[in-house]
Amino acid sequence: MTRILKPIGFWLLVAVIVVYAVFPFYYAVLTSMRSGQALFDPSLLPNSFDFSNYVGVFQQQPFALNILNSIIVAVTVVVISLFLGVTAAYALGRVHFAGRGLLLITILAVSMFPQVAVLSGMYEVIRLLGLYNTMPALMLSNLILTLPFTVWVLTTFMKELPRELEEAAFVDGASPWTVVRRVFLPLMWPALVTTGLLAFIAAWNEFLFALTFSPDNRTVPVAISSMTGASQQELPWGNIMAGSVIVTLPLIVLVLIFQRKIVAGLTAGAVKG
Amino acid sequence: MASQSDLTRARVRSAWLFLTPMLFVLALVAGWPLLRTIWFGFTDAKLSAPGLYKFVGLSNYLTYVDGRWLGLLANKIWWLSVWNTVWFSIVSVILETVLGTIVALVLNANFKGRAIVRAAVLIPWAIPTIVSAKMWLWMLNDQFGILNHILMNLHIISSPIAWTANSSTAMWAVIMVDVWKTTPFMALLILAALQMMPSDCYEAAKVDGIHPVKVFFRVTLPLIRPALMVAVVFRALDALRIFDLIYVLTSGSRDTISMSGFARLQLIDFAKTGLGSAASTSLFLVIAIITILAMTIGKVRVSEDAAK
Numbered sequence: 001m002t003r004i005l006k007p008i009g010f011w012l013l014v015a016v017i018v019v020y021a022v023f024p025f026y027y028a029v030l031t032s033m034r035s036g037q038a039l040f041d042p043s044l045l046p047n048s049f050d051f052s053n054y055v056g057v058f059q060q061q062p063f064a065l066n067i068l069n070s071i072i073v074a075v076t077v078v079v080i081s082l083f084l085g086v087t088a089a090y091a092l093g094r095v096h097f098a099g100r101g102l103l104l105i106t107i108l109a110v111s112m113f114p115q116v117a118v119l120s121g122m123y124e125v126i127r128l129l130g131l132y133n134t135m136p137a138l139m140l141s142n143l144i145l146t147l148p149f150t151v152w153v154l155t156t157f158m159k160e161l162p163r164e165l166e167e168a169a170f171v172d173g174a175s176p177w178t179v180v181r182r183v184f185l186p187l188m189w190p191a192l193v194t195t196g197l198l199a200f201i202a203a204w205n206e207f208l209f210a211l212t213f214s215p216d217n218r219t220v221p222v223a224i225s226s227m228t229g230a231s232q233q234e235l236p237w238g239n240i241m242a243g244s245v246i247v248t249l250p251l252i253v254l255v256l257i258f259q260r261k262i263v264a265g266l267t268a269g270a271v272k273g
Numbered sequence: 001m002a003s004q005s006d007l008t009r010a011r012v013r014s015a016w017l018f019l020t021p022m023l024f025v026l027a028l029v030a031g032w033p034l035l036r037t038i039w040f041g042f043t044d045a046k047l048s049a050p051g052l053y054k055f056v057g058l059s060n061y062l063t064y065v066d067g068r069w070l071g072l073l074a075n076k077i078w079w080l081s082v083w084n085t086v087w088f089s090i091v092s093v094i095l096e097t098v099l100g101t102i103v104a105l106v107l108n109a110n111f112k113g114r115a116i117v118r119a120a121v122l123i124p125w126a127i128p129t130i131v132s133a134k135m136w137l138w139m140l141n142d143q144f145g146i147l148n149h150i151l152m153n154l155h156i157i158s159s160p161i162a163w164t165a166n167s168s169t170a171m172w173a174v175i176m177v178d179v180w181k182t183t184p185f186m187a188l189l190i191l192a193a194l195q196m197m198p199s200d201c202y203e204a205a206k207v208d209g210i211h212p213v214k215v216f217f218r219v220t221l222p223l224i225r226p227a228l229m230v231a232v233v234f235r236a237l238d239a240l241r242i243f244d245l246i247y248v249l250t251s252g253s254r255d256t257i258s259m260s261g262f263a264r265l266q267l268i269d270f271a272k273t274g275l276g277s278a279a280s281t282s283l284f285l286v287i288a289i290i291t292i293l294a295m296t297i298g299k300v301r302v303s304e305d306a307a308k
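First to last, the sequence lines map onto chains A and B. Sequential numbering from 1 applies to the first sequence in the working numbering. Sequential numbering from 1 applies to the second sequence in the working numbering.
Hints listed in this document are in silico derivations from the structure and should not be mistaken for laboratory results. It is possible that part of the hints are untrue.
Label-pair restraints from in silico Cβ distances [what the hints assert, rightly or not]:
| hint | chain 1 | residue 1 | chain 2 | residue 2 | range |
| --- | --- | --- | --- | --- | --- |
| 1 | B | A271 | A | R181 | 46 to 52 Å |
| 2 | B | N108 | A | S48 | 36 to 42 Å |
| 3 | A | L129 | B | R225 | 42 to 48 Å |
From a predicted model like this one, the values you see are computed outputs, not experimental measurements. By construction, the Cβ of each residue, glycine as well, lies at the ideal position given by its N, Cα and C atoms.
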């Protein structure tokens, strides 16, 4: 009896896990393809393939601009984080100097900061620099989310590379900058892809800074959170779901392609932290 | 030998040169704003008139005026937000740990289609918080939501529930969405720990015919406990600063307002930079204390391992 029941129980559990994980997004896709009265049809199977919401979200909202804003912010944040991360990781991972341990702990501590703890101070900095309601304000503030873990993960990676690598180059009289660029950078692609992707996702999803520092010139999360229809009471659920699907699908594809690397990056950041 | 130490000195010099840009940026985006926030907490600064403020001591925290206690520590909504945040963090982290462990154990088993299940489990993690909040808001809609529809068809409830507006269900709605969104993170960290476990422990237990549940509590759990604790601490610190999910799901209603939500409400919506900064500083202190405790306890364990 148990010999039959056990596999059934196991597969039932697997089915529950998969449905639980996938259903909300599946339902968002279903809703995004229903418009008008069909929107309120609670049927769980796809019975309408109406793409008017996908057109509507670009016509009734400045959604193309929102996407462009988010891409500009996220790409800039990734590039700056990786550049500063690689140079810092070289110093922290390859050179022994006094105060290195303290620096690493401080950087780790910054990644524990609640965002709201820097909100009023950052607001002042952004206003002084004249960046309020602009994308550079978000590029600057998002660095607090991405820089610490980029430095941390790249340092861990850099530490594990063999010593002989740079010694040969130094004997040949290469400068540290050349060593980083010519010797380490080519070896670091896997780590750069992982940390870059995690930084991109963090910047792409960031909400609190975007809502506070650039409330009118919106990125995707702020735009989706504040989409309204003809009347304030009636939310344009079709458009909201269409927008949600558009900005989520690329992320899901990226995450599924790089899932092994992401898991490795997350565990490196967490376990070694 | 002299040239060797020259080389070392040159390397240390260049190391600091390499570190300077990163340290400068970190100071600009983290250090300086944090210090200003702490300072604003001791002033009567207003968002509308930056630069025009004076030092007011601790009166943003607590002050006695005209026979009444005022300030953050006398603010009922603040204490409500503290209670909400703590309750939310404890319940959601416990649920995420339990569910994450179950999912990790399933993914650690060898079965056909494991890769597909693992990919499916990753999906909630990949979805932006704001998007998942909106998706669930639609599913939880009182009139047209699919959840009410299913529950009514199954005769579990007799009339639709306004999940996110009702004060008895709003926090549970927030917890439900957070658990859905972050269980994958837990499951992946626990799975990584499970996969590093030596398989001979299992084989020995199997040969002895010990019940799998007993094996889990006696063998597996003690072995993955360090990794589990790290994951729990990370999640707890994350849960304590929750803002966006609550902002979208319940518009930061009194039943669900978090400490971060309270601080932003005061700072931006009420333009009270002083009081808002005091609230931000308090949240920072709470998180700093927990971080230091976690780091010290973690370090103690590391040195114990080294002693063995």
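Hint by hint, here is what the structure shows:
no., hint, result
1, B:A271 x A:R181: 46 to 52 Å, "48 Å, holds"
2, B:N108 x A:S48: 36 to 42 Å, "40 Å, holds"
3, A:L129 x B:R225: 42 to 48 Å, "47 Å, holds"
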